[in-house]
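*Asks:* Knowing the structure of chain S, use the given hints to seat chains F, P, X, L and V on it.
Top line first, the protein sequences correspond to chains S, F, P, X, L and V.
The opening position of the first sequence corresponds to residue 277 in the numbering used here, with each subsequent residue numbered one higher.
The opening position of the second sequence corresponds to residue 277 in the numbering used here, with each subsequent residue numbered one higher.
The opening position of the third sequence corresponds to residue 277 in the numbering used here, with each subsequent residue numbered one higher.
The opening position of the fourth sequence corresponds to residue 277 in the numbering used here, with each subsequent residue numbered one higher.
The opening position of the fifth sequence corresponds to residue 277 in the numbering used here, with each subsequent residue numbered one higher.
The opening position of the sixth sequence corresponds to residue 277 in the numbering used here, with each subsequent residue numbered one higher.
Possibly wrong hints are sitting among the right ones.
Here are the simulated distance ranges between beta carbons [claimed, not checked]: (1) V/E363 with L/R389: 49 to 59 Å; (2) P/V369 with V/W367: 47 to 57 Å; (3) X/S391 with F/S302: 20 to 30 Å; (4) L/T399 with S/D354: 32 to 42 Å; (5) S/P333 with X/V279: 38 to 48 Å; (6) P/P312 with L/D289: 18 to 28 Å.
Covered stretches of chain F, as calculated for chain P (at least 3 residues, CB under 8 Å) [what the hints assert, rightly or not]: (7) 310-317; (8) 346-360.
Calculated directly from the structure, the hints in this document are not laboratory data.
Virtual Cβ for every residue (Gly too), placed ideally from N, Cα, C.
What follows is each chain in one-letter form.
Number of protein chains: 6
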Amino acid sequence: MTVPIVDITHREDFSAAHRLHCDSLSAEENLALYGPCNTLHGHNYGVEVTLRGPVDPVTGMVINLVDLMRVMREEIFDACDHKFLNEDVPWLVGLVPTAEVLAIAFWDRVAARRSDLGDSEMTRVRVIESRNNFVDYHGPS
Amino acid sequence: MTVPIVDITHREDFSAAHRLHCDSLSAEENLALYGPCNTLHGHNYGVEVTLRGPVDPVTGMVINLVDLMRVMREEIFDACDHKFLNEDVPWLVGLVPTAEVLAIAFWDRVAARRSDLGDSEMTRVRVIESRNNFVDYHGPS
Amino acid sequence: MTVPIVDITHREDFSAAHRLHCDSLSAEENLALYGPCNTLHGHNYGVEVTLRGPVDPVTGMVINLVDLMRVMREEIFDACDHKFLNEDVPWLVGLVPTAEVLAIAFWDRVAARRSDLGDSEMTRVRVIESRNNFVDYHGPS
Amino acid sequence: MTVPIVDITHREDFSAAHRLHCDSLSAEENLALYGPCNTLHGHNYGVEVTLRGPVDPVTGMVINLVDLMRVMREEIFDACDHKFLNEDVPWLVGLVPTAEVLAIAFWDRVAARRSDLGDSEMTRVRVIESRNNFVDYHGPS
Amino acid sequence: MTVPIVDITHREDFSAAHRLHCDSLSAEENLALYGPCNTLHGHNYGVEVTLRGPVDPVTGMVINLVDLMRVMREEIFDACDHKFLNEDVPWLVGLVPTAEVLAIAFWDRVAARRSDLGDSEMTRVRVIESRNNFVDYHGPS
Amino acid sequence: MTVPIVDITHREDFSAAHRLHCDSLSAEENLALYGPCNTLHGHNYGVEVTLRGPVDPVTGMVINLVDLMRVMREEIFDACDHKFLNEDVPWLVGLVPTAEVLAIAFWDRVAARRSDLGDSEMTRVRVIESRNNFVDYHGPS
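In isolation and in its complexed conformation, chain S is listed as follows (with noise of 0.2 Å):
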C-alpha cells in the first residue's frame, strides 16, 4: 500500500510599502505602464507557501507546522514587515516588486532553507495582495 500524499499550506500575514517603477524605462513609461501602482503606496500582504509531501504513518504529519511557520518567518515576514520593499529588502532592490516577483523571491527563499523542511517538496507559494488579487507560483519549470 502506498503512502498518502497530502499538501499543507501555512500563511503569514505582513504589511509593506511597495512602488511599481522600472528603471531602465523613463517616467512617462512608468506611468504608462503601472498606472496608480506607479505611486508610492502598500499593502497588507498575504502568502501562502504549500509543501507536499508523504503523510508521516508514525506522526501523522507531513512535516512539523511549526518547521514551515519558522521559516516563513525568518525569511519572509522578518524581512518584509513594515518595511519599504524596494529599497529595504536586500534581496528584493532592483527588481520590480510586483506580486509575481515577490511570489518567485519568496520561492526561492524558502527553497534555500530546504533542509529545515524535511522531505517534503515545495508546490506553490501564493501571495495575497488584496482582497481581489493573487498569484500563485509553482516554481522553476
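*Replies:* Just chains F, P, X, L and V, lined up with the frame of chain S:
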C-alpha cells in the same frame, strides 16, 4: 535559464437573481431536480479568472492587471450585475444558469477577448455562489 | 454584586432575489430613484440578531443559543431562503425590500417570538447585503 | 464537441476537540514532536470536498449539490461536530488526528458513498484547521 | 407611530503607504514610540462610514446608497488609493497618519459633504488597518 | 476645542477545547441544557478588546497598539491557546466556559492590567466562537 511562469488571478463580484429551471422538463421534474433552487432567488457572486504566463523580465508582470480587470468588468460585471440571469443576459438565455454553466459562459466571454490579454493563457474560472459553494472550470479539454 | 450583562449575536445566511420598486412611483421615477437596484437581482444575505441580558449564574448563558437559532431559522431563513422577497414572503408583499425594510421586518418577526427568548431583550438586527453594505436596526424608539 | 468538465466544491464546518499524541512514543517524545498541539485543544474546522465531472447538458449540473451536502453532513459533520476526535469518532480512534490524517479519513468516508455521487470523481479534500493552516488531499496515487 | 431609525454602512477599500513619524520628536524618540511602524510600510485599508436616519416611508431608504458611495469615493478613495499618505494627501500632510488620525480626517471629509447626504447624521467612521486592528470614531463630542 | 475620542480594537486568535457542563446539575440536566455543547469539543476563538480614549495630539494615538497586543497575549493568548479551558486555565476552573463567561473573564484579566494601558478605558470585549456566533461584554454596570 527559463523564464518563470506565474498564475495571476483577479476577482470581481456581482449581485444577480437566477432560477434553476429546465424548459424541457415538467414543473414536477424541475422541482424534484432543483429543489429550492427552482424558485427565483439570487446571490452575491464572486468570479475569479486566472491567467498563466511568463513573467516579463522588464516589467515583472504576467499581464497588466488593469487589462484583466477591464475585460472582466466589460464581459461579466456589466452584463450580469443587478440582473436576472435567466432573462436579462442574452448569452445566458435558454441555458440553466447553474454555477457550472456560468463558469463555462464566463470562460467563453473572456476567451473571446484573448487579444486584450497578451501572451497569457486562461487556466481557470471560479464562480463562488455562496460562502460554502463554488465551481472551477479549466477550459475545454 | 450585579449580574453581568452580555450581548449575544447569532448569524444566519440566506439567498434571495429582490427588486427595489415602489408602486406609487412611475417607471421613470423608480429607475431614477433606485438605479440598477430597480432591476430584478439578488443577494446572499447575512442576518445577525443580538440579544442582551444577564448571564445566568448557573448556566453561564444569556440565553440558550439553540433557541435563538431556531427562532431565526423559523422566522427568517425558512421564509426568505431561495425566495423572491417581493412576492414570495407574505409579510414583505407591498413593501420595498431594501436592507432597511428587511431589518425592521426581521426585528418584528423575532420580537413576536419573545416568549421563546427568555429574559433577554433584542438590541440589534443587522442585515448584510453584500461585502460592502449593511444596515443596523436597534428597534422602535 | 466534448462535454465540459467542471469541479464543484462544497464546504461544511464543524467544531471539535483534538490532541496530537502518538501512543507509540513517550510523553517526552510526544511533547517534543507536537509541542503545544500535544495538549488537548480544539478548532472550528472547515472541510471542502471537490467533485469533478461532465456538466449534464440538460440539467447544467455536475452533480446535485444537495447530494454532496447530504453525504458530507452524514459522513463528516454528524460524526465530528461537537466531538472529541481522538475518542468519540470510531473511525479516528487509534489515529493521530492531524489535519493530514483527517483529510485522508474524510476522503475515505466520502469515497465509500460514491454510489450517491453520480458519475463524478472526487479530486480534493481540503481541511482548514485555522485561518492560517490547511491541508489538501488528492486521493491515493 | 414613530418612523423607524436605521443605521446604514458602506465600506470602501484602498491601498496606501504610510509611516508613523512625528516631526517634533527625535529619530530615537520616534523609533521608541512607533517601533516598526516608524518605517515606511503600507496597508490595504477598509473604511466604513455609517449614517443614521429615519427610513423614508415611500422609498424604504435612509439614504440612497449611491450617494454615500459617491461621497466616499470622491473624498476618501480618490484621495488616498495608491498614495503615500504622509506626502500625497494634502489634508494629511503634517499629521501622523495613524488609524485614529485617519478616522478623524475621513469623518471631517465626509461631514463637509453633508448636503449630499440627506437628512441622515453620521454616527461612525471605522478604519480597518489589518485583519486584527481597527478604530472607530463617533464624531466630535 | 475638545480632543477627539476614538475606540481602538485589537484582535487575537487562539484554539482551545471546552465543554459546557455545570457540576451542580445532573448528567441528564446538563445534556438537556447544553445539548451537543455538553460534549467535549473546541473552537478557534477570536477575541477583540476595545479601548476608548482621547487621541494624543502629538503621537496621534489613543494608546500604543503594541501595549494592548502584549497585554492580550500575556493575559489571554498565553493562558488559553492550545488548552482545555475547563481544566488548564486556573482562573476558568469551576466556571462553565460559555462565550459569555469567557468575555467576562477576559475583561477582568485585561482590566487588571489597566496600568499598562494608559489613560484609555476598556469599552468592549468580543468573543467570537465561530463564524456565526459571538458575544460582547461592555463591563460591569
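*Asks:* Hint by hint, note whether the structure agrees.
*Replies:* Okay, the hints, checked on the actual structure:
1. V/E363 with L/R389: 49 to 59 Å: Given a distance of about 56 Å, which is inside 49 to 59 Å, the answer is holds.
2. P/V369 with V/W367: 47 to 57 Å: holds (53 Å)
3. X/S391 with F/S302: 20 to 30 Å: Hint holds: Cβ distance 27 Å, inside 20 to 30 Å.
4. L/T399 with S/D354: 32 to 42 Å: Between L/T399 and S/D354, where Cβ atoms are some 41 Å apart, the hint holds.
5. S/P333 with X/V279: 38 to 48 Å: holds (40 Å)
6. P/P312 with L/D289: 18 to 28 Å: The hint (18 to 28 Å, Cβ to Cβ) holds, given that P/P312 and L/D289 are roughly 21 Å apart.
7. 310-317: The restraint on the region 310-317 of chain F holds, since 5 of its residues have a Cβ under 8 Å from chain P and three suffice.
8. 346-360: Since 4 is at least three, the answer is holds.
Of the hints listed earlier, there is not a single one the structure fails to meet.
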